[in-house]
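4 protein chains.
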Amino acid sequence: MELNGVQIEDTFAEAFPIKIARVLITGATKKWALVAAQEATGFGTSVIMCPAEAGIEKVVTGDETPDGRPGAYIQICTFGYKALEEQLLKRLGQCVLTAPTAAMWNGLPKAEKQFDTGFKLKFFGDGFESETNIGGRKAYKIPMMQGDFVAEHNIGAQDAVAGGNFFIMAENQMAALAAAENAVDAIALLDGTITPFPGGIVASGSKVGSINYSKFMKATTNEKFSPSIKAKIKDTLVPADVKAIFEIVINGLSVEDISRSMKAGIHAAVTVPGVKKITAGNYGGTLGPFKFHLKDMI
Amino acid sequence: MELNGVQIEDTFAEAFPIKIARVLITGATKKWALVAAQEATGFGTSVIMCPAEAGIEKVVTGDETPDGRPGAYIQICTFGYKALEEQLLKRLGQCVLTAPTAAMWNGLPKAEKQFDTGFKLKFFGDGFESETNIGGRKAYKIPMMQGDFVAEHNIGAQDAVAGGNFFIMAENQMAALAAAENAVDAIALLDGTITPFPGGIVASGSKVGSINYSKFMKATTNEKFSPSIKAKIKDTLVPADVKAIFEIVINGLSVEDISRSMKAGIHAAVTVPGVKKITAGNYGGTLGPFKFHLKDMI
Amino acid sequence: MELNGVQIEDTFAEAFPIKIARVLITGATKKWALVAAQEATGFGTSVIMCPAEAGIEKVVTGDETPDGRPGAYIQICTFGYKALEEQLLKRLGQCVLTAPTAAMWNGLPKAEKQFDTGFKLKFFGDGFESETNIGGRKAYKIPMMQGDFVAEHNIGAQDAVAGGNFFIMAENQMAALAAAENAVDAIALLDGTITPFPGGIVASGSKVGSINYSKFMKATTNEKFSPSIKAKIKDTLVPADVKAIFEIVINGLSVEDISRSMKAGIHAAVTVPGVKKITAGNYGGTLGPFKFHLKDMI
Amino acid sequence: MELNGVQIEDTFAEAFPIKIARVLITGATKKWALVAAQEATGFGTSVIMCPAEAGIEKVVTGDETPDGRPGAYIQICTFGYKALEEQLLKRLGQCVLTAPTAAMWNGLPKAEKQFDTGFKLKFFGDGFESETNIGGRKAYKIPMMQGDFVAEHNIGAQDAVAGGNFFIMAENQMAALAAAENAVDAIALLDGTITPFPGGIVASGSKVGSINYSKFMKATTNEKFSPSIKAKIKDTLVPADVKAIFEIVINGLSVEDISRSMKAGIHAAVTVPGVKKITAGNYGGTLGPFKFHLKDMI
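Residue numbers (our numbering), protein chains in the order written: chain D, -18 to 279; chain U, -18 to 279; chain G, -18 to 279; chain V, -18 to 279.
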């Protein structure tokens, strides 16, 4: 298969279940909403060693927010609801409540699962806080040095999907990187998904387990996809004309959301000169129940 | 005292000891060095509920880096070295090793305390890694999908200072915020310090303990500095003409570094119209051994 | 009238006819499309002394562009078509043809008025250029040092509207400025309009003519709206609680486009604390045939 | 010659005399200083068809500005002083006086040539303006809607140098572009120089005159350096492994300034993977009196 002259491998991305909480952060301007969103989603690339996977889903205007101010949806992802509630408390309490002009709103008000994170954070007000209702949302006004912080009572969460992905293989590192940046820019405009790695891009796609350090390493470099050692790897999967590969990992609220984002990302990536091939990561179907076939993306 | 027509209170900021590790992250361009630095220092505002305090210290050109590429120094801060080593492993392993084009270097090569974080991360290479020497630094090349990741063997750490601070009091929130932004921009150019809160700014300056929720809250809003309730607080410290206060919190490698940054930040803040007063946070000298007198800043 | 607690004056903005050419600039990534768009629209605030009024209308994804790459629509405005054609040649030839990875496309392919700017620019190819068809658009490939530059044959233009506006009056300069930034961010997402002044904002709203320098000045400061001298101006229009005013000037393809953008901008501005009043600039209906009543914006 | 494994051709860049005016623009924050600087230097890539060449030289902190606010130096370049004065009046009057929070200061106070641009702009104040002295500079306060605009009386200019340059040749377009971006970032930190093209980068390096359209084209594509047609050009200068070339053009106050910036830019460019060769543009010494030998840059 080909798209815009770039080979698309007939394979699939394999993804697995996760829990996602979704928060809408608003600010006095778009800039300040994003400052809070960025701090709250940092140190959040992979649950292997980060306390959560997290990212900014999309920016919205005041037309779509309870307080009429610009905002950004973020997603925070963990394997279980207990860890998720803890992460919400910590990340919203330390990175949104503390952020200039930010307010926090429930990003999944219709979800069955609701955490009373706003209620818990109101105790920072030390008795000076008050209940309020803004845009139909039950919330708290917490007096602080900057003025009031507004926190909605509940933050919703739901079953979701992690690990949607595709690989961008290119002539060299800068071509692969520009294509990855283009893909992330396109995905950033879409509903329901995040790309949790730095700048939305994974430099270090890994395999489960280890050949040489199996006693203590659970995940190691994917040597079959490592261009700098392809001459040494008999069953290398790096094409002859490829010197760099970046992976885009996508988490999202639904299979449909991830499909849409994979499709947009792949279409954006193949427009960049020097891109040679798109493929995806899977474990033969042993890892997760969700399969995203690249043939459906073109 | 006055500076540029703004009242400077004759008080002091009180700071306390912390451990700081310092890492130099380089990238193919300044943008990509900053992408890694930002992810690695996110969710890092306050050790109250974040796993570390962290921030970007300053940007450097290729003249000042082992691999000749542009870079950014980051600082990661915890109360003890054990937690610091764990944070280095997690934050560098998950947010720098994974980041496009990033490399990691020792930011304190002369410090007595050295962690072999680079050595530990090399095992991600699964036996395909190799030792190298770049710019006089012992390092590892770890083959990955993007190409090689380079990690210096050691990352240094030292005794340092946390909690340098000043408060910007202004006519209204946007004046206080522009002044705070200006202060953070000025501090960002200086050696040795970080401003770990979102955008470098604290919206929610707190007091130790609680009046009404003392059984379960260790830190709560500083109601005496809360403009929206000043009419209700008998001993309010909010001046009559002030409606918003932002705090700049500064961690740094030395007392001198923090002094320099406080001075630069205060001078930058008072140029913004609408700023009325600068003061600082202290606990009467009971919290920490370091005092930064505002009279020395003007 | 009030909106979000801010007084809206019952007045109108007065606008006048202009000619607008609209160009779609694409690039390898969103960043590079914007680099070209920014250069091409600079030195373009007011036809009083700039060769054109110009601005970036909106950013679009590859789904909406002939070459599948991300892009930005720009508008270039002059009073007549002759000046407009000259500006197109100069600005596209010097700021888009020269810009890394940029391509130029007709932003008004259905307009009656079409300039063959792409055809004229092809001669830069010195005979090595060739005709092509991309996405149904007749275009030229011009070989250059970076590779080929692609220019569509025609660029369309039409009768349009300039000078839609509103004034943001606030407690102080930083509040007015944050509100103006918020308004410009909101308008930047909408079709059909630009805000040609620096950052989209006018600091220096003027009046036609002059009191004291009428022999040589055609436009001078609007002293009735100047806060710093309001004590000296008998018929000052600066409210007692206002210390700063910014104006947003909007050009656009149609009356409807400008109405939509004024409405969005005003709604965004009034959410910022410290904003006291919104009004608009007119000359009693003597200047232009287009009236935008603020009462229709709320 | 080689630098970091990249071939450096033993050739020289040829530059020619120009006149440069230098202006310091300050703003309430770094962001707003840059907004004004960007507007004032737009549509300013080449004097072939732009009214001036212009660019941002460097950003400075409040320590280095008359009003203690952050700022940016810009340069405006034309062949003669008459055109330069006109450009100063138009660009500062339309793009700085109109810009939120901006002020303008003399960037060459010791130059022999001084234009009274600030004096001329004060008449916008319509008699309400007043003379002032800030940081030892004679200036005017012009009351406007935002508050006062401050303009220094004089703006200095001097004989200077235009057309310093180097070419970055790379495996493909994205590698050449990342190297060019890196070079521009490095040069942006240095005194005395600007890179006037879009994003600092030239996509369309040209030759003087024309082969096929000599009757009406004074400058056309440099077909010997055009990778997409190299198979057709007998005496092509595009190396076999090169598919894209970007040029960095540098104007500056002195030969030394340009030398320093060329050196920094070349060193930054060669760190990017995929870069194959650095060369420079000259006309055999017939165009200008200034020669910059690449062998002196390594």
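Fair warning: there could be bad hints in the mix.
Repeated chains share a single entry, so a pair holds when one copy, or any two copies, can fit it.
As the list claims (entries may be wrong) - EDC-like mimics (lysine to aspartate or glutamate), calculated; alpha carbons at most 20 Å apart, straight line:
hint, residue 1, residue 2
1, LYS258, GLU237
2, LYS39, ASP222
3, LYS244, GLU45
4, LYS101, ASP140
5, LYS257, ASP222
Calculated directly from the structure, the hints in this document are not laboratory data.
Can you tell me if LYS258 and GLU237 fall within 20 Å by alpha carbon in one copy, between copies, both or neither?
Answer is neither; intra-copy 24 Å and inter-copy 45 Å both fail.
Is the C-alpha distance from LYS101 to ASP140 at most 20 Å within one copy, between copies, in both cases, or in neither?
Neither: 23 Å inside a chain and 35 Å across chains, both beyond 20 Å.
When no copy is specified for LYS39 and ASP222, does a C-alpha distance of 20 Å or less occur within a copy, between copies, both, or neither?
For LYS39 and ASP222, the Cα distance exceeds 20 Å both inside one copy (35 Å) and across copies (37 Å).
How would you label the pair LYS257, ASP222 (within, between, both, or neither) given a Cα cut-off of 20 Å?
Answer is both; intra-copy 8 Å and inter-copy 17 Å each pass.
Evaluate LYS244 and GLU45 at a C-alpha cut-off of 20 Å and name the case that applies: within, between, both or neither.
Classified as between: cross-chain Cα gap 15 Å, same-chain 26 Å, threshold 20 Å.
Hints 1, 2 and 4 from the earlier list are contradicted by this structure; the remaining hints agree with it.
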